[in-house]
Amino acid sequence: MTTATSTIQELANREYKDGFYTDIEADMLPRGLNEEIVRAISAKKDEPDFLLEWRLKAYRHWLTMTEPKWPNVHYPPINFQEIIYYSAPKPKKKLGSMEEVDPELRATFEKLGISLAEQQRLSGVAVDAVFDSVSVATTFKEKLGELGIIFCSFSEAVQKHPELIKKHLGSVVPAKDNFYAALNAAVFSDGSFCYIPKGVRCPMELSTYFRINSAETGQFERTLIVAEEGAYVSYLEGCTAPMRDTNQLHAAVVELVAVGENSQIKYSTVQNWYPGDKEGKGGIYNFVTKRGACRGWNSKISWTQVETGSAITWKYPSVILQGDDSVGEFYSVALTNHFQQADTGTKMIHIGKNTSSTIVSKGISAGHGQNSYRGQVKVMKGAENARNYSQCDSLLLGDRCGAHTFPYLEVRNTSAQVEHEASTSKIGEDQIFYCKQRGISAEDAVNMIVNGFCREVFRELPMEFAVEAQKLLGVSLEGSVG
Amino acid sequence: MIAGGTGAYGFQCLTRSTGRKNVMLTIFNLHARVADKEILRGVNLKVKAGEVHAIMGKNGSGKSTLAGVLAGRDAFEVTEGDVLFEDKNLLDMDPEERAREGLFMAFQYPVEIPGVSNSYFLKAALNATRKHRGLPELDAMEFLTLVKEKLKLIHIDEDLLKRPVNEGFSGGEKKRNEIFQMAVLEPKLAILDETDSGLDIDTIKTVADGVNAMRSKDRAMVVITHYQRLLNFIVPDKVHVLLDGRIVKSGGKELALELENKGYEWLETEAQATT
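Residue numbers (the working numbering), protein chains in the order written: chain A, 1 to 482; chain B, 1001 to 1275.
This is chain B alone, in the form it adopts within the complex (with noise of 0.2 Å):
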């Protein structure tokens, strides 16, 4: 499993960075590893509720771990550093616990269960959440009710509904599956990882009405994409750069726009100088 290390300094530096009430995220110093190699080299960031975040980078930056880092994903260890979700240390916590408090990551590549119906395993993954919060578990009737509702807000059919999870989905369909998975089990912290990769416009359009119909003030997002058109759709309150592990800029949503023009490279070179 993860190890969960941390020196008494960055925990000190969490306390106080969590003393108002509506941060929903706090990475602090983060590294981690995939066999021998270092992919985080210490990641900082905070994330307050309410907000989108996006986060760019090219392709080897490590954005793709963060988010399984953060998802609980056993492959990455976990070398340094802290993670807070809302108070408590997301790095102790099980994958299953993390989604039962309320973080939801949506796949690059989701899976696919042959055999399983999506209504099935939906069901069982909301009363596995229900639970955990002590709220009694919805019957049959009352999932339904539920899921038709927010397969509205999603514009999805209903047949989707008795489909395997997944199975023989197109792209695109796998992904809105993703967003009305989002929608059905409302989490306080929403992490997608390259949502938009291998889609085409249209496709991304439709997701990002999805994902925009889910913004809210209780709910973070943390939107994790290679090019700048998703963030066209789903537009951010905070563009970071991740690069080499580490995020080497942060600004508004025009940051973004500026790296589509000029592209990773001088972010590299400043980098360089830094160091």
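Only chain A is shown next, with the shape it has when bound in the complex (with noise of 0.2 Å):
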């Protein structure tokens, strides 16, 4: 075997240090899906009527839906009558502070990198911690609040924001969107919420971090950002699980809303949830929906994804160019290695005027991954002057992986200017011999070779991200090196 495919395999051969558990109480749900869960989960929240009757209804439109099967993963079906819906961590008290979390729970979230406490404000990065089902903890919420921003827990949002969520919740990602966002509008316990207000701009990056942690439950959280006129707002979602050999399911719904003129929505995601072991065994699937509406006249919505983790991944980051002059970005690194599966892409739907997009995919895959890039691009009759670049490029490392790319173009106005590139490419035994040759290992060098590969979106991200994500490519490729 050659020193660069033996390189690639032991490279894929590394341990998930996020796989601890944190034995908590819980309080549970009984597994299975019914009516009275969905009514369960909405009374344990205190939810008004409208949201009640929301989810039964996004219920019995679930139970006429079937599973898309029209995506490049496998997986045997999923007996959604094994999962349990609704799990949170027993609070010992009704939360007042920061300093009253569960001292488990902030240890947990320590151990993970995540600080709780809001000391730590040299960080700059305020903090909405899920654990399972609930919000755990958000923090810098008074000093957001100053400046109108309001940044909570989902759950929080519905008792004190009920009109923002009446109006916003589904205004982008309906209830009967598809049979994922169809099954979280119906079960989602919690998530992030947050509004900033007309010609604000969030002085800080914004954070939600989300945690499974107990056996056997799914997670269905939802986040609805909105951004008024001349708003902007900069967030990032973290994400990890305990190692299990039981597949777990997240499907989440993110619905992002550029309302105003100007309004600037940069939505950045690292997503390190369990992949599994090295045989396939285990790992979570994430099947989730996001999308954003830039309805404001030269509104910006960027997607940025770094996605190492999950068994499977099933996502399409997409925004809705509606408001003349509004630009819409996708930018994303997805790695599969072992025996992860992605499928994962963007829409870009161009309505108004002088719309345009940006989409940059980076597919990386190693040992049996199978990496497969789906996009659409679609101008619609009124769109004069709509522009779309797309790029996707693959790298390949080793010789039992694959890439695929599924581009769709939809173009119905004639003046659109719509272009793609695509790119396959593998590294090379020259390209590692070279950097052997001067000196640097060939692990060194496999890292280098693909944070090189990745460079355009890392620099998309906050700077705290960007490190984060090149040192997460970094393990996840780890001792592949002969």
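Wrong hints could be hidden among the right ones.
Stated by the list, open to error - Using 27 Å as the maximum straight-line C-alpha spacing, the simulated DSS-like pairs for lysine-lysine come out as follows:
| no. | chain 1 | residue 1 | chain 2 | residue 2 |
| --- | --- | --- | --- | --- |
| 1 | B | Lys1162 | A | Lys426 |
| 2 | B | Lys1205 | B | Lys1048 |
| 3 | A | Lys471 | B | Lys1131 |
| 4 | A | Lys347 | A | Lys69 |
| 5 | A | Lys471 | B | Lys1162 |
| 6 | A | Lys198 | A | Lys266 |
| 7 | A | Lys281 | A | Lys69 |
| 8 | B | Lys1249 | B | Lys1046 |
| 9 | A | Lys166 | A | Lys57 |
| 10 | B | Lys1174 | A | Lys426 |
| 11 | B | Lys1205 | B | Lys1253 |
| 12 | A | Lys198 | A | Lys160 |
Since the hints were made in silico from the structure, they are not lab data. These numbers come from a predicted model, not from an experiment.
Relying on the hints, combine the two individually framed chains into one complex.
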């Protein structure tokens, strides 16, 4: 076997470092799904009637739907009656402040490098932490409140700002949108809510950290971000889960609404759900619907994602470009190793005039990993002078993995300019040998080459996240050096 | 990996020949093959510190195989013989270890690494080498100071540092970048594999100027080339002719001129006569 191939194979054999489990008392609903469960979740959250009705409608519609079969991923059928739809760490008492968060929980997040302590002001990131089904802590709330920014758990928003929820919930991803979005609408238990009022530029990165802890629990969170006229926010999302040999379902929905003129939302994800072991056993099924709507003139939504975890990833962060001159961006790095499968990409729907979109997708496959890019660019009749540029690059490490590209272009306006570029490359023996001849180890060489490949995406990430993402890629490929 | 087998006789011979301190490279009875084809069939060579040796030969004579074996390319299998780098067994070392010990090869076809800047790449290389030698790693500022000095030496624009390694470089830029890397890494032994191939005469001159600036009494160089013209600019101390995997003739710099005038054929006839 050649050095490069053995290097890559060993790189592919590393441990998942966030795979620990926290022993904490949980408040759970019985497994399975029916109207009673939906009602029980709503009751636990003390929700207003409109929301319960919305959930029930979604649930009834979900019953009529079937799972999508078109993604290029393979897995045994999911028994939706085996899943536990609600699990919350049992609070010792009602939380009044951050100091009252269960020490076990705080320790869990500390271990993950997420500080819930507000003293850590220097990091300049406000965090909402979601543990299994509920949000356990939101930091910097008061400071943000002075600017009129609302950043809290979804449950809290439902209680304190029902009018905003009622107005925007489901406005971008309708409850009946697709199988997993409907399931989420029926059973979502928490998530984050963020509202940036007119003219406010959010002074810090807002961040949600998701953690699945309980076994056999599904995580169904919902994130809703609303930016009014001239508002700007940069939002980060991170995810981990313990190592388990059964598969767990994560079906989240994220809705971004750039309502006003010149509003801007930047959403970055570093997804490191447990990917399963070397034989492909266990891991998270990450079936997520993410979509943003650029409603205002000259509004902008950017998605940046670094996907290194999950057994199966199925997500297409999309932008609906309604407002004239609005801009949509999608920057993605997806890495699949061992037996991981990813079918990910984006949709850019051009409706307004002079709308433009950019898609940069970098897929990395190692081990037996299968990586598919699936992207749709749609230019509607009225979208005069719409422009799209898509670039999709695949990098193969080793000879047992696969890369696939499924671009869909639908153009109904002759003034549109749509460009698509695609490339597939392999880390060459030559590249690795060249690095070694300069004294660089094979492992460092592979990291360097992979990071170079992802550079266009990494530079879109906020600084601390970019560093994190680079490290994560390094760790994800660790040990493949011969 | 490379098999480094040797006979007892071979090793004794090597130890004796490296008794003098300034021998940088000793090749003894080196045989190597690619797949089933034997390419090197008993190469013997000794290069001392401060010397520049040219290895000439036509296509297929084994020049690039020799360079590849010395650098540790795993496409080549060594079937017999020994190589000493100073007093260490070169064939026992991984390619990166050879590099860190001070062996540098300027590639005939330098490789592109998209998205990785030249300065990042070189800093990683230099610090890997420094670490190996027990020296502290250079920080960004120290590195920049060093690199700027070397850029001047090779007459290269600072832009080069930010550009991705060899990506979109012209043939001449790639070769100059190799020499620049050599200047930064300051090897004990440099092997230049067909550094002149594909270059026009002006570029050959600038590349040669860079190489000449690097000549020193502590450094040995092995220049592998098909044509004599490079040797007008990098004047060698010794010239060897490689033919069918063996060095069939060695001499001073005048041998290169003789080859330029007479071609390689007379050597082939001569070699046939002796076997």
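How the hints compare with the structure:
1. For the hint linking B/Lys1162 to A/Lys426, the alpha-carbon distance of about 24 Å falls within 27 Å, and the restraint holds.
2. Restraint check: the Cα-Cα separation between B/Lys1205 and B/Lys1048 comes to about 25 Å, which is no more than 27 Å; the hinted pair holds.
3. For the hint pairing A/Lys471 with B/Lys1131, the CA-to-CA distance comes to about 21 Å; that is within 27 Å, so the pair holds.
4. Between A/Lys347 and A/Lys69, the direct Cα distance comes to roughly 18 Å. Compliance with the 27 Å bound is thereby established for this hinted pair.
5. With a C-alpha separation of about 22 Å, the suggested pairing of A/Lys471 with B/Lys1162 holds against the 27 Å cut-off.
6. Straight-line distance between C-alpha atoms of A/Lys198 and A/Lys266 comes to about 16 Å, which keeps the hinted pair within the 27 Å bound.
7. Proximity of A/Lys281 to A/Lys69 is assessed by CA-CA distance (about 21 Å); at most 27 Å being required, the pair is judged to hold.
8. Proposed proximity of B/Lys1249 and B/Lys1046 is supported: the alpha carbons are some 14 Å apart, at most 27 Å.
9. Distance hint between A/Lys166 and A/Lys57 is fulfilled; the C-alpha atoms sit about 15 Å from each other, no more than 27 Å.
10. Proximity of B/Lys1174 to A/Lys426 is assessed by CA-CA distance (about 21 Å); at most 27 Å being required, the pair is judged to hold.
11. Taking the CA atoms of B/Lys1205 and B/Lys1253, the gap is near 18 Å; set against the 27 Å cutoff, the hint holds.
12. A hinted pair counts as satisfied when its Cα atoms are at most 27 Å apart, and A/Lys198 with A/Lys160 qualifies at roughly 19 Å.
When each numbered hint is compared with the structure, no violation occurs for any of them.
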